[in-house]
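Enquirer: These are the residues of each chain, in order.
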Amino acid sequence: MTATPMTPIDTSVEDTRPLTFRERHASQIRQWRLYAHMFRKSFSSMLGLSLVVLFLVLAAIGPLIVPYPEAASGAINMSAKLQPPSSTYWFGTDEMGADIFSRVIIGARTSLWIGVVITGIAAIVGITLGIIAGYRGGWVRAVIMRFTELFLAVPGLALALAIVAALGPGITNCVLALAIVWWPGYVRLVEAKTLSIKEELFIESARSIGAKTPWILWHHILPNCMSPIIVKMSMDMGMAILSAASLGFIGLGAQPPSPEWGSMISVARTYMPDWWWYSLFPGAAIFLTVLGFNLLGDGLRDILDPRSRDR
Amino acid sequence: MLTFAFRKLLTLVGTMIGIAALTFLITNVAPGDPARLVAGPNATEDMVATIRTEYGLDKSLPEQFIVYMGELVRGDLGTSIVTTRPVLEEVMRYAPATLELVFVAMFLGIVIGVPLGMLSAVYKDGPLDQITRIFSISGVAIPAFWFGILLQLMFAVDLEWLPVSGRLPLVTRPPEFVTGLLLVDSLISGNFATFWVSLQHIILPAIVLSFPCLASILRVNRAEMIEVLQSDYIVAARAHGISSFRIVALYALKNAMLPTLAMIGLRFGWMLGSTVLVETVFDWPGIGLYAVSSALSSDFKPVVGVTLMIGFFFIVANTLVDLAYAWIDPRLRKA
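Residue numbers (our numbering), protein chains in the order written: chain A, 308 to 618; chain B, 326 to 660.
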């Protein structure tokens, strides 16, 4: 009996056409649509997203749309000083007669810059150190983690205050000081995550087929650490803006007449009971911005890290 | 338990040395001349040179570090330029006010946060849960200094229920010094009028300081309670017909308290940091206000002194939490 050789099933007919983008990424697209669906269902997530989008839009085009752009650069108009909110000056005016509405809107750009720089530096430094500590282990890990714990042993704001005091007041030094105290959180997060991921089978297989360490870190470990990092970065944007505003309020951050919300409140405090609008509106801007980033982070955690949904 | 406590104590000392090194690093790595920093912005070249030799700043860094550590061990935190008094003395004078504020705020955070967290877990997704959710999210997002100003405007200026700021009115003689905590001292000396006045003064700053802490205690407690309430032994207890109140308040709460305790320890340090803001808003004469006014007048030694002090309190608090943890849960003593 002669066996007829099996002819392989001819599938080439289907495959002549190159796969479209949607076909190649079908599973990811499904995943993202599920995420989007879950995100849309949550009111607080959508509120957070709206607040963040509003903040970003104002930061982008704020100076172009405000009624009195010169208010941001310390223009003086004594005839209009300390006026209550009205149709001409929506949020009232400050002691120099500058329009507070314009200053609050333009302040969004300052705050965005502050948040991005602090969170960015902290994330880059923290992720790098964390991934090295987690992957290398041994004395490298011991040194990095001891150093990190040291920074975590002093409350951030107090340490930042000391650093700004040493560097001298000002917005740049304030941002630098906060970045210096901000990175340890990322080290802890990424180190813990790396420790568990590096034991996974796919890391071992990657190594067994000759993947070099940097490749493994970049292509296998880092992508798997990304969800908690994104959640933390979203939350930290808000908290960094809040901390910088706090230092501005103390008088060590941005200096007037720079339109920064915290330093505006710092000046406003001296005009306190009678000129209430002066501190009310910049404070509300900080609150809504921080709230937005917190809610967004919370919403992102719900979809990216469902196990902690009830936290 | 004893060896565990001893090990924790060693860690405490090690961390303290580390923090001291960190502050030394901040002083010396910062661009600019530390002598000029000490001398203040208006000093002449001669003064800076004198200070450089006087403080030993012309020596090498390791030598300076040894001198610095020696001073710290002897309790010498340097001298304030503005008041020309030893920093340690001043920090000790201001510390009770801060501790009193933090204790009261912590008390508020716990007695309100824990029950609210418990109730929102029991009535999960109910109206109370929704309210506490909004409450706990805004608690973390609200700028403490702004919240303080709003409360001042409302309760002190508008309604005139409470004083705007300060710890005691100028006309009131502080009670005899025992602990430095006015609320305690006035009770010890039996002076209830002073107790009442100082209570009125502490309410607003304590609320502001406790708000974020309350929010996170509430959140953690709620999350833990939800988890615990689903566990088998709770189901078993229910099956035995034990009253819901007993199950929730006794059986579940006890087990949910562990992570809450950790959060309390963490928040204690955080509060010490934000007293800087709250004390500035309410002119509360504590170490936070002292640090801020020193920093603003470029008086550097007090800032470092306060940072060390806050670090010290924080580490002690965390060590106590660790010990309490190990005391409650023997499994942790091995870790």
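Mixed in with the good hints, there may be bad ones.
Distance condition first, Cα-Cα at most 35 Å in a straight line; then the derived DSBU-like pairs of lysine-lysine [unchecked claim]: (1) Lys505(A) / Lys333(B); (2) Lys579(B) / Lys449(B); (3) Lys333(B) / Lys626(B); (4) Lys519(A) / Lys505(A); (5) Lys449(B) / Lys348(A); (6) Lys384(B) / Lys626(B).
In short, the hints are calculated from the structure, not lab data.
Enquirer: Which numbered conditions among the earlier hints are violated in the structure presented, ordered from lowest to highest?
Expert: none
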